[in-house]
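Got chain A sorted already, so can you dock chains B and C onto it with the hints?
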Amino acid sequence: MIEKNKNRGMSRIVKTISFIIALPIIVFGLYVILHGHLTPGGGFPGGAIIATLAALFLVAFGRSGVKESHKEFLSLLESLALVSFILLAFLGLGSTFFRNFWANTGNIFGKSISYGANSGYLPTAGTIPLMNMLVGIEVLAALSLIALVMYTGQVGDEND
Amino acid sequence: MNLLLHAPILAISIPLLGGLATPIITKFGKRVRDSWIILSLLFTEFLVLILTHDILSNGIRTYTLGAKFPTDTIPIANFIPVRIVLELDAFSVFMAITSVTIALIASIYSLKFIKEGTAKSKYYTLLLLLTAAMVGLVFTGDLFSMFVFLEILSISSGVLVAFYSHKGEALEAAFKYIVISAVGALMILLAIGLLYGHYNLLNIAALANVLKFSFSDKVALVLLIAAFAMKCGAVPLHMWVPDAYGEAPAPISAVLVVASQAGLYALFRISFTLFSALPTIEIVAWSVIILGVLSMFIGVIMAISQKNIKRLMAYHAISQTGYMLLGIGVGLAVIGNINALNSFGITAMEGGIFHIINHAIYKGLLFLTAGAIIYRVGTKDLNKMGGLAHKMPFTTIFFLIGALAITGLPPFNGFASKLMIYESVFRFSPLLSIIAMMVSILTLASFVKVFYSAFMGPKLKEHNEIREVPKTMLIAMLVLALLTLLVGLFPDIVVDNIISPAAHALVDQSKYIGGVL
Amino acid sequence: MISQFPLLAALILVIIGFFAITLKKNLIKIVMGISIIGSGVNLFLISLGYKSAGVAPIFTNAPKLEMVLPIPQALTLTNIVIDLALVAFMLSLVILLYKHYGSLDIRNRRLKG
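Chains as they are written, first to last, in the numbering used here: chain A, 786 to 945; chain B, 834 to 1350; chain C, 14 to 126.
Read the hints as simulated data drawn from the structure, not as lab findings. Because the structure is a prediction, the values reported are computed rather than measured.
In silico DSS-like cross-links for lysine-lysine, where the CA-CA straight-line distance does not exceed 30 angstroms:
(1) B:K1000 / B:K1217
(2) B:K860 / B:K955
(3) A:K896 / C:K77
(4) A:K852 / B:K860
(5) B:K1000 / C:K42
(6) B:K1051 / C:K64
(7) C:K125 / B:K948
What follows is a set of in silico ranges between Cβ atoms, one per label pair, in the way DEER data are often shown:
(8) B:G1211 / C:A98: 32 to 40 angstroms
(9) B:L882 / A:Y816: 45 to 53 angstroms
(10) C:Q86 / B:T1212: 51 to 59 angstroms
(11) B:K948 / A:T801: 41 to 49 angstroms
(12) B:F1046 / A:E853: 55 to 63 angstroms
(13) A:E853 / B:F861: 15 to 23 angstroms
(14) B:M1271 / C:S16: 52 to 60 angstroms
All C-beta atoms, glycine included, are put in the ideal place defined by N, C-alpha and C.
Excised from the complex, chain A in its bound form (with noise of 0.2 angstroms):
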């Protein structure tokens, strides 16, 4: 009994209240990531508060509810969202890397404020946000990647 459990996971509830709780977490993952210039957090606690959602479904359904497809499509994620921060720190070479050149503009997120305390305007900072929500996907996908491949092993590339 105990193995076929262990295999398939925990009763119907359980399964079922996982959905449920799934999202006010990810919505308390994604405001922590895109407040991190306001608030504390940012990209990498964000990410890791949505990754815990990736133990709770190790959980909640066991090593069958974990498909190949699941592993790959994170790590396609993770690459991509990686190689976007950077591509987003080589477009401020007009000036150096790095350059905050999205402040200060006044597009969206690009609006300014004066120095001092103020409580809190969302649209501002430049890049800051931007390499928030990169760093926010990449570390969520990253981490639970970790937790997958910790539990079954290879990332299927067997054939490279």
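Leaving out everything else, chains B and C in the frame of chain A:
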């Protein structure tokens, strides 16, 4: 866009981008991925070469990440430098050339050495990340990014050491390596915290300007020297070296040599640029010299009795690191005394620095030939090899060149740097020079043993199907052998144009500070 | 003396971590030792930036403008991410080592000399 202006950061970020984009590029096919890797490394090599040419003619170059223009190190007048500042002087570009060249040759070698179907694209990603970390470590101008690049280097080389994960020994070696590296790096962070807490500065040049050598600064110096000596494999913190070099794939052993020497770069940068005005610098210098002599001696003694060809070469790497520590330690000991410095101190430092690039070249060549033997014969045990000279003539010649270079025989490059070290150390203290020469003789003895048992003798009947190794591997070894010969035949060109500016840049602390402030 | 207590606690954590790495024979306890040293160093870094009567260095709804130093917080955050990668790598090595050797004792090993 002015390529030379942005070249410092491009030399770090192009390998980074290339390595991280490799899993996506692999979906287009294997030849596309191979050419992408080689193109990224060739472009990095080109950038480092034009930077070398510029630094040797025009002096120190800085680059501030995220400022309005690259040399904007102090945005508010007469304040402290803010933002991450890359500062390149002659010693930095010298180490960068060594690292990128060996990485390029190792990746050409691994085109055929690493068999397909063993996670080869992840191997290339890690190799490019390792290159970016090595170049970043030597280009950076502040302490904390040095720590971050050191950690990237440790983790990516740790994963590469554990590449053959179907054998248990590689995993043990990687575990030992990563535990020791992690402890060392955390001690470095503790020392950086001590320095930051006292002065509120992380930039090396700004810190060198205001350092006052109180007790906590001396504690930080001891922690930093111990941790970086661990990173380059000096005795008594050398336990990870034979395991890691012996169990890694052969091209990775060649790159690990240069990665350990990045730790040597950081050691010298800290002791010369930050602490050279310390009143008790003699004690620090003598401890570096004693570490060097112990490494030389213990490395070669343990190497004589090894049966595994790569472990033997790894112990020799420890012993040769001792030569570098000895040479530069002598330079550090006489840094307060202008007469001694000009007569033999600078020559000792030039010998030590020259030995860095020579060691990278001939040790890389030796590891690649050992890899060639393992690729065809399938075993690392010297007792099971024999008579390979009949079947693998090119590999034999390359091994012979490497073995003669490491023992310091003319006309190969080991002779030039070892002669500079012997002469200058003799004027400092004759006993150390005699120990260095004896270690050289013992090195010759152990390599005669290896050459005889692996290549000479009659053909063994189980080696009947062995042919020569594939052409890309031969081309990689040929480039290194030609470099050995050329640098050995024309050492004064190399020393006058590259090594001597590097040694003078290390000694001249005020020029380094003037680059940023 | 009471204001130096965080630095003392960080030093004690580092010493405990060193004892764990050098004296314990179980692989997972060695990994835990490295994590403890990392925590000690993080605590040391954060407690360097303290200014008495300072608030958190966040401009959103800040009660006053005298704040503790923000740079050690950036250093600590970077160190936490690095230690996470280290521990993830070491634990995967432990999993593979257990598959090969069947035990987590460091005394049975094949690389000697």
